[in-house]
Amino acid sequence: MANRKSASAQLVQEHNAAGPPKDLILTLYRKMVEIREFELKARELFRSGKMPGFIHLYIGEEAVASGVIAHLKKDDYVTSTHRGHGHALAKGIPARAVMAELMGKVDGCCGGRGGTMHLYEPSVGFLGTNGVVPPGIPIAAGAALSAKLRKSGQITVCFFGDGAVNNGAFHEGLNMAATWELPVIYVCENNLYATEMPFQKATKNINVASRAAAYSIPGVQVDGNDVLAVYEKAGEAVERARRGEGPTLIECLTYRWFGHHEGDPGTSYRSKEEVEFWRKRDPIKKLREDALAARWCEIKELEKIEKEVNLSMEDAVQFALNSPEPRPDTALDKVFCQ
Amino acid sequence: MTGAKPGIEAKQDQIRASERVISYAEAGVEALREEMARDPNIFYIGQGIGPRGGNFQQSRGLWAEFGDERVRDTPIAELAETGIGIGAALAGSRPIVDIVFFDFILEASGQVIQQASTIHYISNGKFKVPLVIRSAMGGVRSSGPHHSHTFYSFFMHIPGLKVAVPSTPYDVKGLLKTAIRDEDPVLFVEHKGLYNTKGIVPEREYLIPFGEAAIRRSGGDVTLVAVSLMVSRAMEAAAILESEGTLVEVIDPRTVAPLDKETILCSVAKTGRLAIVDEAYATCGFSAEVAALVSEEALDELDAPIKRICALPAPHAFSPSLDHYLIPSTERIVSEIRLLVQG
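Residue numbers (my numbering), protein chains in the order written: chain A, 1 to 338; chain B, 1001 to 1343.
Be a bit skeptical, because a hint or two may be false.
[To be verified] In silico BS3-like pairs for lysine-lysine, Cα to Cα no more than 27 Å straight-line:
no., chain 1, residue 1, chain 2, residue 2
1, A, K334, B, K1126
2, A, K151, B, K1261
3, A, K334, B, K1261
4, A, K307, A, K41
5, A, K73, A, K151
6, A, K285, A, K300
7, B, K1126, A, K105
8, B, K1261, A, K74
9, A, K280, A, K22
10, A, K73, B, K1126
To be clear, the hints were calculated from the coordinates, so they are not data collected in a lab.
Just chain A, with the same shape it has in the complex (with noise of 0.2 Å):
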């Protein structure tokens, strides 16, 4: 594996000689490697019984996050999912602002009110991680039709899971962003699981890229795996929607390594060659493999960058776990704005 280029970077290559540039390699890594770290010490607070809830970790799923943010500038829009740590950090919410919003507390992005499933932050863009599936669709064309009526040309990007695609919300919402031609990108994580619903069971048709004919837009499939070929298949996706040219839906087949959520072992629906050959596909261990032995940088640059998330996760732990929590005095105020 570790000597064979994957066709994205090949393809790549095809265009530039000298590879992809050497700073998209290292923020796409340093990018994936922190949503990794991030999740691994989230779960292991979770599982030490500090962290209160329930989380669903992104961990296999980073390249998606990565890949697609990457293009996005720090006004542009993004609405996520109950799974969207991954999504709040790749916009730019600071790790400590979400791990201590994980843990309740007056320092996290929300004051300790949202929680994991509630991340919103407007000085990036951040329009809500969603405990509920579907209604992320529409709203993402609400924030695409805004910003075209002010002109404003900034981008939207909706983040959600197969689990949203068989309801009716993804019809509604992708139904009137490309009638209104809104500029908003629908990326489907498609990790073959709603909770514990195999997708094959929840569709006739499981190709959800196809979809987009249904509303006479682009739809592509891409290896959500591989990072590089996500960043590709969104970059054209984004220069679409900032030309004014509407929706694209892009379906990222990925897979998530651990449960529905911490607690849920995964294993009941799932099984253990699937999980197995999946996690072979890990999207950070492919970039390294593929980023050293087609020497578009070193090793010991990788290797900086992993030291450095690790020092700065460790810290957002730390800074999480001395936030103080919120004062139960506080809990009635901003249930309105006036």
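Here the structure of chain A is known, so what remains is to put chain B in place on it, guided by the hints.
Relative to the frame of chain A, chain B by itself:
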């Protein structure tokens, strides 16, 4: 000149100088026109609100004036319309989403209750959702159970939402302008049976604050609380009862969230008797909330048990004879209040 302070409803006798009479529907259009001209961030979406001017003429002329971009017809997709309104509000626009028949808000209820109402709070105040959902409730002309309900009180239950239920053209204009300028999500629920009713509406700008009831008629014997279409029936009943020597004070809260508790409690302190008339059901409804309020805070003031005069607990029936039986009529209000006064 009225002499009224900005934001405060002028008394009827103070506005005689501009006795322009327009309809309830026209008052809404005027509020929208004034607000859309004032703030380019406002846009309006919904089914049939464009060239058609709205199913009830509630958007007449706006499309011609403001164009396709800001007055947008939508497909039949209440969930997406509402979600789009929320997303646009998060991104800094001031959307108005027209749901036409309020029954259909149920198609989008998750968006309203789980998304719009919570985001300001769970984002720790970082985001706001200045969204107006405009719709029309109530039974008219035997519309059957999918086009007649008065589900406004469902949304009173939810922290983070505001609910306006205007009964007059004057209130439509003043309250809709307030709703549009409000930073929180507002359900602005008009009544289909009131769109053609007429009243004095000043051409000048005025706003009516939320949470301020109007005392439609003063009286010392019974407090009668009503909103929307039921205000006119309450007034008819009060006129009949006055001829029998019973003086009814009719209070129209105008917004049920926030609710002007003070005006209701003061009136009950004066009259000692409370009736609530509501086109919605009694169970867990607006009437239950007002009754609970008075029970909790003014039980000692009551000389008789609280009387609720509400829609009877059945779906809206088609046949006029059945439907009229279910909804409180002036006659039912009169006879119930007679019992209350005797008791």
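Please name the hints from earlier in the document that this structure breaks, with their numbers sorted from lowest to highest. 2 and 8
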